[in-house]
Structure formats: structure tokens, C-alpha cells
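These are the residues of each chain, in order.
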Amino acid sequence: MNTEKLLVVQDLKKHFQPSKKFLQTTPAPVRAVDGISFTLLKGETLGLVGESGCGKSTAARTLLRLLEPTSGQVSFCGTQLFDLKEAEMRTLRSEMQIIFQDPYSSVNPGRRIGKILQEPFEIHGFKDNKENTEKAKHLLKQVGLTPGHFNNYPHELSGGQLQRVGIARAIALSPKLIVADEPVSALDVSIRAQVINLLLDLKERLNMSYLFISHDLGVVEYFCDRVAVMYLGKIIEFADNEQIYNSPQHPYTQALLNAIPNLESGRDKQKITLKGDISMLAPQRKGCAFLNRCPIKEKRCEEQEPVLKEIAPGHQVACLLKS
Amino acid sequence: MPSPELEIQNLKVSFSTPKGKLTAVNGISFHINSGETLALVGESGCGKTVSALSILRLLPEPPAEIISGKILFAGQDLLSLSSKQFQDLRGNAISMIFQDPMTSLNPVLTVGEQIIETLLRHTNMNRQEARKKSAELLSRVELPAPKEKLTHYPHQLSGGMRQRVMIAMALACKPRVLIADEPTTALDVLIQSQILDLLHSLKKETGMSILFITHDLGVVAEIAQRVIVMYAGEIIESGPAQALLQKPYHPYTKGLIASIPKLGARDQPGSRLEEISGNVPSLDQRPSGCPFHPRCPSVMDQCKSQAPELSQVEPERYTSCHLEPESL
Numbered sequence: 001m002n003t004e005k006l007l008v009v010q011d012l013k014k015h016f017q018p019s020k021k022f023l024q025t026t027p028a029p030v031r032a033v034d035g036i037s038f039t040l041l042k043g044e045t046l047g048l049v050g051e052s053g054c055g056k057s058t059a060a061r062t063l064l065r066l067l068e069p070t071s072g073q074v075s076f077c078g079t080q081l082f083d084l085k086e087a088e089m090r091t092l093r094s095e096m097q098i099i100f101q102d103p104y105s106s107v108n109p110g111r112r113i114g115k116i117l118q119e120p121f122e123i124h125g126f127k128d129n130k131e132n133t134e135k136a137k138h139l140l141k142q143v144g145l146t147p148g149h150f151n152n153y154p155h156e157l158s159g160g161q162l163q164r165v166g167i168a169r170a171i172a173l174s175p176k177l178i179v180a181d182e183p184v185s186a187l188d189v190s191i192r193a194q195v196i197n198l199l200l201d202l203k204e205r206l207n208m209s210y211l212f213i214s215h216d217l218g219v220v221e222y223f224c225d226r227v228a229v230m231y232l233g234k235i236i237e238f239a240d241n242e243q244i245y246n247s248p249q250h251p252y253t254q255a256l257l258n259a260i261p262n263l264e265s266g267r268d269k270q271k272i273t274l275k276g277d278i279s280m281l282a283p284q285r286k287g288c289a290f291l292n293r294c295p296i297k298e299k300r301c302e303e304q305e306p307v308l309k310e311i312a313p314g315h316q317v318a319c320l321l322k323s
Numbered sequence: 324m325p326s327p328e329l330e331i332q333n334l335k336v337s338f339s340t341p342k343g344k345l346t347a348v349n350g351i352s353f354h355i356n357s358g359e360t361l362a363l364v365g366e367s368g369c370g371k372t373v374s375a376l377s378i379l380r381l382l383p384e385p386p387a388e389i390i391s392g393k394i395l396f397a398g399q400d401l402l403s404l405s406s407k408q409f410q411d412l413r414g415n416a417i418s419m420i421f422q423d424p425m426t427s428l429n430p431v432l433t434v435g436e437q438i439i440e441t442l443l444r445h446t447n448m449n450r451q452e453a454r455k456k457s458a459e460l461l462s463r464v465e466l467p468a469p470k471e472k473l474t475h476y477p478h479q480l481s482g483g484m485r486q487r488v489m490i491a492m493a494l495a496c497k498p499r500v501l502i503a504d505e506p507t508t509a510l511d512v513l514i515q516s517q518i519l520d521l522l523h524s525l526k527k528e529t530g531m532s533i534l535f536i537t538h539d540l541g542v543v544a545e546i547a548q549r550v551i552v553m554y555a556g557e558i559i560e561s562g563p564a565q566a567l568l569q570k571p572y573h574p575y576t577k578g579l580i581a582s583i584p585k586l587g588a589r590d591q592p593g594s595r596l597e598e599i600s601g602n603v604p605s606l607d608q609r610p611s612g613c614p615f616h617p618r619c620p621s622v623m624d625q626c627k628s629q630a631p632e633l634s635q636v637e638p639e640r641y642t643s644c645h646l647e648p649e650s651l
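First to last, the sequence lines map onto chains A and B. Counting in this note's numbering, the final residue of the first sequence is number 323, and the numbers go up one at a time with none missing. Counting in this note's numbering, the final residue of the second sequence is number 651, and the numbers go up one at a time with none missing.
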């Protein structure tokens, strides 16, 4: 494995300030992303896993500067992203692309597929129309569509085909980094397998790095070299693929793995289902963020906030009881 | 022999579109036994939701049209009821929960109002009693602080909580049949697991039957006793859940099962999932013969011209495929 660092994220924070209501004190900010750090190597795939509302999508958008960060540093190929001006950032965007969850809402419904795929080239200064058309047709082939789709409108394609268009658009400018935000969650089972395989093929062919965001640990296992599990804006476990699946340490990671429906065992197996969900938790100042839902909590968890600690080479966990 | 609670016979539904009359459900027959959970499995566009909506007569007619078929419930054919008679039944003896709880709840009414409305319509309760009952229902679906939640609007609740409200509303009048249309698809794995647990215990308690519509075979293994697999408007395989998932007969069912990422199944980094090539056919491009033949790995000449019929291969197991049962 290449050890060249592509993306270094340091203590990234994104807080949202809810608006103040009449005659009320200013509410506390929502700490969607609350200090996450990680490094993505060249050619590597990192999975970012967690429930809805844990901040994984916000993290992705903030590090691409689609949202302005509250604090922190992101360095991409050695460039500090948050120091760049708008125009400089726009040029660099050709190197980092994003694939969204819902293929229908991420393309312009009034444009033909061909036009959608030519647009990245036009924006980044390739003015030769004929050449752009050729490139767009080549892209269609690369993602398993046919040049016949060139003149179609988005509504004429199925969800799976349209997600392929989204992927084609993302790889158009040969980016170094692709952020895939739940790229297969909205797709049917048989189509999901096709798209996962396509992403794996492209990764090998084009030597890209992926930041793969998902709530489905089953999909992530197929896809990722390393996995970061997020909870309430923080990374609570970070490890290699095998470590996460063979020896998950954090009780939250264990619960996530446990919740995956299993074809073989069905209902018979003993399941520990976590109670509650993320949004019903009041923000607490002290102690472990997972406290309210934790099945193994102890007294000291109420007092002290755990930080990520290495418990084995490459395996970090933020739990007082495990480190 | 368990008695069927609900029986669907030869149901055929079509839609009038600019492209002509398209058949969404092509003559399917099945039944749900009392106290049973039956899973209806298939991908988008296979007709599973249309089948469910036609049981409750919730399809907009036109463009939809129920061309033929019978839906038997408690001794009468639901399709022969007047819409007035049907209103007494819907949400009462048969009720439904939907995939997206945000769009199926009324955003401008409080949760309490919406549950009370159901109770007032179908029972003799007065408003006060209905309010008390609503709080009970919310606590039954394990919503924390149920009394307080009655005054909340849907947007103040999370996806999982909204789905619990939907379930509470559907259960308000103790239905005999609950139709659940992808109730966990929009939810996270953890919340999905909670909702499945809840449905499981509610079923045990009330003895109702559940028609569970899903595209996720993992969920089927968790909740259903029997499974029906649909493709392009037709039933292509059915049988007891455990047996069907362990030994599927139809090539499509086999493909579906193989394409699910299974934990621990990845031998080495870079290994691939098995996939079914091609796309689900759209209604106006229905293939001739067996609807699955363009995607089928073991297609024969016969499949292209002649549609197979659903036939029994072993007790309780049915499949529609031209291949000899031994080679399936």
C-alpha cells in the first residue's frame, strides 16, 4: 500500500447555530461535527459509518468546503483547503468529487444526460465541444451505460442507471478523491451489487481514494480498507476492516453489527437492540456521549469523557472501559 | 389447516398511460393465514406496492384499474363494496403503514389529533377517551413521554419515532390485518431492528396477520413465516421463509440472495459481489415469455416465447420456471 497522504483532517468542527427565538436566550449550537481527525492515504478507501444524524454527511460536506467549517484543518495533497480563496478552491474541486445518495435529486431534470456529463469539462476550461462530447460518451461506456443514453433525460433512466450517471460525472475529471455519500442506499438489491462492483472496478482502474459514507456495515465491509464509526459528531472507533468486523470494541459498533439482518439465523439469535435514537438525546456536557444508550456503562462514564486511544496497532477506540 | 384471513384471487391491475394500458400486477393469487406474517418481496416496479394498495382500494382510479380478481376478507369480496362501506373497513379491520412516515403523516396536525381522528371515526369513544387511548397507544409502541408526544408535530420527531406513531395509528382499532409497505426501508439499521422487534411483539400480543412488503431479504429472515417473491407483476416463487432463503429455486431469487453483502463473506480485499446483470424491465418493455429471461443466467429457448406457470415443486413450495425442478 502506498503511504502517501492524500487527505489529512485535523480536529474538524462544524457547529450550527439555531436561530434565537423572540424573548429567549440564544440556544446552544448543534455540534454536528465535533472535532474529528483522520488521514486518508492515496488509493485507500475509508468508511465513515453511523446512524442518521451522527454528522457523517456534514463531515463530508465540510471537508470539501461545501459547508464552511467552524474550526479545524483539512490538508489535501499538502494544500490547506480552508486557507484557499473561492476561485482557487474551484480549481482544486476537479481533484475531489462527490457522489450523492439520491440519484434523482442530484441531477438537473431538465438537462440531457450528455449535457450533464459535458458540464464538468466546460466548467474546468475544456472548451472544445466536439472533444467534450467524445469524452462524455467514453464516460458512459466506463460506467456500463451505452452512448445511446447520451440524449436521454434523467426521468427516462432507472435509479441504478442514473446513479451510474452520477458516478460518471464524478470521475469525469479523473479526481484523486471521491466522497461517496450513501451511494447505494437508495438502490434496489440487485442494482446495489452492480453499483458496488462498478465502484470497486473504477477504484482499481483509476487509482482513486474513496471516503465512503454509509450506515450499512454490510456494504462497508465489501468496500473499505479502514472504517471510522461516528457517534454524535465524534469518531468513537477507528480500525482496519478486519479489526472492526472480527473484534469490534466500542459497544456502539457492536450494536451496529448486531442490528444487521441475517439471512441464516433469522429471529432466533439473541439480539441486543439499542434503545432510543440519536435525536432524542439532550446534549450533555459531561461524560461519554453514548452514556444514555450504553448497555455496559459504569459510574466513571458519567464523569469522564473518553478520547480515542490506541488499543492495538491501527485500532483506536473511545471508551473508558475498553482502553 | 390454518384458515386464510385474507385471500387474493387472480388480481390484475393496470394503469392507463400515454404509452397505452400497462399491466402492473398480472393475475396474482395468494392468501394470508390468520396470525401469520407474509413477506412480499421484490424490487422497485415489480408490483408489490400496487398489490397492497389495491387490497385497501387506495389506488387512484383512473389511471389505475382493477381489471379482474377477487379480494376475500371475512367472507366478502372487498372489490364489491361501495366506497362508503370501505371507509368503515379501512384503518379499522385492515390498516396500513407506509415507507416514509414523514409524507404519510399530516405535517400541520399534531400527532395526537391524527390518532384521535382515527379513533373517533371507527369507535364510539368521545374525545377525552380517545385522547387517553392515544397516549396508551403511543406508550405501547414504546415512545418515551407519550402524553407529551401527543402535542408534537411530525417534524419534531425523528424518522424512527414517526414510524412508531404510524404504527400506533394503524393499531388504534385493533386491525385483523396490517399491511406494512417497506416500513423500515427509510430507517437506519439500528432503528430498523427496533421497529422489527416492536412489530414482532405487537403481533404476538394481538394475533393479527401482517403483510410485510420489502425488498430486503435480510429483513424477511427476521420477521416472516412465509415469502412471496414478485418480478414484473407476477409471483415467481413462494414458500416458507427459512426453506426459501436456504434453498431458493428460481434463478431470480437465487440472484437476489447472492447479491446481498453478507458479513464475513469477503475473503480478501477487492473481491466482488455476485450481481444480476441488467435492469428491472419497465412496464412498457415487458419481455415476452418468462419476464426474467433477459437477465437469467440459465435461459433456454423455451423461456423466450413461453411464460412458465407457478407450479408446486415440493410441499408448500411453488416456483415458475421452465427448468426441471431437479436442476433448479
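The set of hints was computed from the structure by calculation and includes no laboratory data. One or more of the hints may lead you astray.
Stated by the list, open to error - PhoX-like mimics (lysine-lysine), calculated; alpha carbons at most 25 Å apart, straight line:
#, chain 1, residue 1, chain 2, residue 2
1, A, Lys275, B, Lys335
2, B, Lys393, A, Lys275
3, B, Lys585, A, Lys203
4, B, Lys335, B, Lys393
5, B, Lys527, B, Lys455
6, B, Lys342, A, Lys275
7, A, Lys275, A, Lys322
8, A, Lys275, B, Lys526
Claimed, not checked - Just a few of them, taken from the derived set where beta-carbon distance is under 8 Å, the chain B residues facing chain A:
#, residue
9, Gly541
10, Pro584
11, Lys585
Every residue gets a Cβ at the ideal spot worked out from N, C-alpha and C, and that includes glycine.
A quick look at each hint next to the structure:
1. A/Lys275 with B/Lys335: violated (42 Å)
2. B/Lys393 with A/Lys275: Violated. B/Lys393 to A/Lys275 sits at ~42 Å, over the 25 Å cutoff.
3. B/Lys585 with A/Lys203: With a Cα-Cα distance of about 21 Å, the restraint between B/Lys585 and A/Lys203 holds, given a limit of 25 Å.
4. B/Lys335 with B/Lys393: holds (9 Å)
5. B/Lys527 with B/Lys455: Holds. B/Lys527 to B/Lys455 sits at ~24 Å (cutoff 25 Å).
6. B/Lys342 with A/Lys275: Violated. B/Lys342 to A/Lys275 sits at ~49 Å, over the 25 Å cutoff.
7. A/Lys275 with A/Lys322: Holds, at roughly 21 Å.
8. A/Lys275 with B/Lys526: holds (20 Å)
9. Gly541: This hint holds: B/Gly541 lies near chain A, its Cβ roughly 3 Å from the closest one there, short of 8 Å.
10. Pro584: Hint holds; B/Pro584 Cβ to chain A Cβ min 4 Å, cut 8 Å.
11. Lys585: Given a least distance of 7 Å, the restraint on B/Lys585 holds.
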